[in-house]
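Chains A and B, in that order, are what the protein sequence lines are. Take my numbering: the final residue in the first sequence is number 270, and no numbers are missing along the way. Take my numbering: the final residue in the second sequence is number 622, and no numbers are missing along the way.
Honestly, the hints are just simulated from the structure, not real lab data. Here a beta-carbon is modelled for each residue, glycine too, at the ideal position from N, C-alpha and C. One should not assume that every hint holds.
[To be verified] Taking beta-carbon pairs under 7 Å as the criterion, some of the chain A residues facing chain B (in silico): (1) GLN66; (2) VAL68; (3) VAL74; (4) ALA75; (5) PHE78; (6) ARG102; (7) ALA105; (8) LEU126; (9) ILE128; (10) GLY132; (11) ILE224; (12) ASP225; (13) ILE246.
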Amino acid sequence: MTSDGAVLSPRLNTKLGGLRWASTARPVVALILFGVAWEAGIRWSGTTLLPSPYAVAAAIVELIQQGVLAKYIVASLFRTTWGFGLALLVGLPLGLFLGWFRPAAEALNPVIQILRPISPIAWIPLAILWFGITDAAPIFLIFLASVFPITVSTSAAVHGIPRIYLRAAQNFGVSGWRLWTRVIFPACLPQIITSLRIALGVAWLVVVAAEMIAVNSGLGYLIIDARNAGKRYDLVVAGMLMIGFIGLILDTLIRRLEHLPMVQWGLQNR
Amino acid sequence: MTLLLVAMTKAFLLPVLVFVWIATISVLHGFMNLGWTARGSSDGASLVQIGFLPVTCHLTCPVTDFIRRETRGSGLFQPIKFNSWPELKEAFLARKTQATFLLAPMAIALREQGVPIKIVYLGHRDGTAVVVHRESSIRNFSDLRGKTIAVPNRFSNQRLLIFRALRDAGVPISEVNLVEMPPPDMPAALSVKAVDAICSGEPFMGQAELDGYGRVLALTKDMWPGFISCVLAVHEDLIQEQRPLVQEMVDGIAASGLWIDKSADNREQAADFVAKNYYHQNPRLLAYVLSKPADRVTYSSLNLVRENFREIEELGKLSGILSGKASFDDYTDTSFNPKPDSIKAPDFVYDK
Numbered sequence: 001m002t003s004d005g006a007v008l009s010p011r012l013n014t015k016l017g018g019l020r021w022a023s024t025a026r027p028v029v030a031l032i033l034f035g036v037a038w039e040a041g042i043r044w045s046g047t048t049l050l051p052s053p054y055a056v057a058a059a060i061v062e063l064i065q066q067g068v069l070a071k072y073i074v075a076s077l078f079r080t081t082w083g084f085g086l087a088l089l090v091g092l093p094l095g096l097f098l099g100w101f102r103p104a105a106e107a108l109n110p111v112i113q114i115l116r117p118i119s120p121i122a123w124i125p126l127a128i129l130w131f132g133i134t135d136a137a138p139i140f141l142i143f144l145a146s147v148f149p150i151t152v153s154t155s156a157a158v159h160g161i162p163r164i165y166l167r168a169a170q171n172f173g174v175s176g177w178r179l180w181t182r183v184i185f186p187a188c189l190p191q192i193i194t195s196l197r198i199a200l201g202v203a204w205l206v207v208v209a210a211e212m213i214a215v216n217s218g219l220g221y222l223i224i225d226a227r228n229a230g231k232r233y234d235l236v237v238a239g240m241l242m243i244g245f246i247g248l249i250l251d252t253l254i255r256r257l258e259h260l261p262m263v264q265w266g267l268q269n270r
Numbered sequence: 271m272t273l274l275l276v277a278m279t280k281a282f283l284l285p286v287l288v289f290v291w292i293a294t295i296s297v298l299h300g301f302m303n304l305g306w307t308a309r310g311s312s313d314g315a316s317l318v319q320i321g322f323l324p325v326t327c328h329l330t331c332p333v334t335d336f337i338r339r340e341t342r343g344s345g346l347f348q349p350i351k352f353n354s355w356p357e358l359k360e361a362f363l364a365r366k367t368q369a370t371f372l373l374a375p376m377a378i379a380l381r382e383q384g385v386p387i388k389i390v391y392l393g394h395r396d397g398t399a400v401v402v403h404r405e406s407s408i409r410n411f412s413d414l415r416g417k418t419i420a421v422p423n424r425f426s427n428q429r430l431l432i433f434r435a436l437r438d439a440g441v442p443i444s445e446v447n448l449v450e451m452p453p454p455d456m457p458a459a460l461s462v463k464a465v466d467a468i469c470s471g472e473p474f475m476g477q478a479e480l481d482g483y484g485r486v487l488a489l490t491k492d493m494w495p496g497f498i499s500c501v502l503a504v505h506e507d508l509i510q511e512q513r514p515l516v517q518e519m520v521d522g523i524a525a526s527g528l529w530i531d532k533s534a535d536n537r538e539q540a541a542d543f544v545a546k547n548y549y550h551q552n553p554r555l556l557a558y559v560l561s562k563p564a565d566r567v568t569y570s571s572l573n574l575v576r577e578n579f580r581e582i583e584e585l586g587k588l589s590g591i592l593s594g595k596a597s598f599d600d601y602t603d604t605s606f607n608p609k610p611d612s613i614k615a616p617d618f619v620y621d622k
């Protein structure tokens, strides 16, 4: 898009600039409308339990002043990093293996499909029994939530590689390790990146459930702790919004992976 | 050469960034949340861990801990705050906590199921209320016929309390709808009239009252004087291996119970330091339930008494949560009951 901009006529360029302005303005307008609707809903219903956007903003300021917001964000990101990282370390090789070696996929598929739909919340008792009340328990739950999407779509990606790639590689005498690094892995990358994006979203999604275990930090803990604190739904909603914002940032970051040259190759050759 | 360098930087940039991120977030977490500082980190690890919930039924746990740390500089045990009954119970069963504050009927039921635990002391007396909506027409327990009542857990003594009150009012239990609900959610459920009555330990009932939509139907002190919701339960091997420690814990709880009950001022101090350091609640809310009225919840006579548990057993069987397989002698160890007059309230003044 940017390289094309130079050859466009000045008029079209201004129009594009206008479009770019509009594309930033639209979400801002939508957010403001959302805030107004929220405020209106609170006033119209006359509720004293649910907080207004202003009260939530004040709660976020309070959390910053107490110094706990940074702590909680770090704690949740720490658990998500390790849970997701371990899921990647396990899910990616496992997915590649299952995609390539079909008998193993046929054998393991039922087990994976049985484990996959189980909510991490259901695993909480086992997480406590195995990992106690340390950070390992929430990390395990986040791992569980993200390992299956990675495994399943990596396996599907390998399985779906066009035969012609493999035949061409064979003709050029590419085999073994080089076949994996030069053909199979790059060809699967776009699909893998998409699955990572989904898995990271899920990992961040379960942070609240994962922090229901006796940890004393994290954005999920903030929400659960605020419920124990009486009428502090401003803190609950503040925690929800922080999870949402950080989720947006994580998604933006992981989407940048799609622009890597290696990934572009796989995309172009679809 | 430069080209090669650029290519290598590009190839390694992502792994390096990933590594830097993992290291940074882990170190930050260590320092900000796990207390990785030069000193103090070893303190919690070696101590016996006691589970508790942020409710007044467990107040003696943080009070004992706080007074001891303030006066002696180190803790006797490590209090671990949980957010709900199932997680607290599971950590105890998995021996991740060696002792815990627990619902009395739940402790008995676990013993019946063969878990080698013993109740060694009570946590409190009273401190539960039944609250209805301010605008409701419910004036006494017979008005609860056909209504929905929220209780914390099927193994909670609050549920048995409802069974007892309805039996005394002549209302068959089949004519009410009992639902289990985490106490923190109860005030909101009552305010939107999702339920007709709520019953749990404080401060959640006091909250519904303070917020203006709740009306107390009855306090336990008037319905079932000396009501016990929670007890201190320990694994049997902790008793065998560390008997003096268990005794010290019981004595500490007994002493801090006397300290809380000594004066209204002490109650206010307790509300303040517990709310700020342990429960993360509004100190005014805790102060309210600890003072309006002063005997809403008490902490002075915490010795295990056979008669108290007889009634719990009976109601437990009536409500179908206990089989009667375990007797008082199975599920309690009364040898830790401090001798009369052997415990004194500590001289402690909390300096805000």
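Outcome of the hint check:
At about 10 Å, the closest approach between the beta carbon of A:GLN66 and any beta carbon in chain B exceeds 7 Å, and the interface hint on this residue is violated. Hint status for A:VAL68 relative to chain B: violated, with the closest Cβ pair at about 9 Å, above 7 Å. Contact between A:VAL74 and chain B, as hinted, is supported at the beta carbon level, the nearest pair being about 5 Å apart and thus within 7 Å. The interface hint given for A:ALA75 holds, since its Cβ lies 5 Å from the closest Cβ of chain B, which is under the 7 Å cut-off.
With 7 Å as the threshold, the beta carbon of A:PHE78 comes within range of chain B, its nearest partner Cβ sitting at about 4 Å, so the hint holds. A hinted interface residue such as A:ARG102 counts as satisfied when its beta carbon comes closer than 7 Å to some beta carbon of chain B; here the least separation is about 31 Å, so the hint is violated. Below 7 Å, beta-carbon pairs count as interface contacts, and A:ALA105 has none with chain B, the closest being about 28 Å; its hint is therefore violated. Interface hint at A:LEU126: violated, since its Cβ lies 9 Å from the closest Cβ of chain B, which is beyond the 7 Å cut-off.
For A:ILE128, the suggested interface contact is upheld, since its CB lies about 4 Å from the closest CB of chain B, less than 7 Å. With its C-beta approaching chain B no nearer than about 4 Å, A:GLY132 sits inside the 7 Å limit, and its interface hint holds. Taken as an interface hint, A:ILE224 checks out: its beta carbon lies about 5 Å from the nearest beta carbon of chain B, inside 7 Å. Given hint, A:ASP225 at the interface with chain B, holds; its Cβ is 6 Å from that chain's nearest Cβ, closer than 7 Å.
With its C-beta approaching chain B no nearer than about 12 Å, A:ILE246 sits outside the 7 Å limit, and its interface hint is violated.
In summary, the structure is inconsistent with hints 1, 2, 6, 7, 8 and 13 from the numbered list given earlier, while agreeing with the others.
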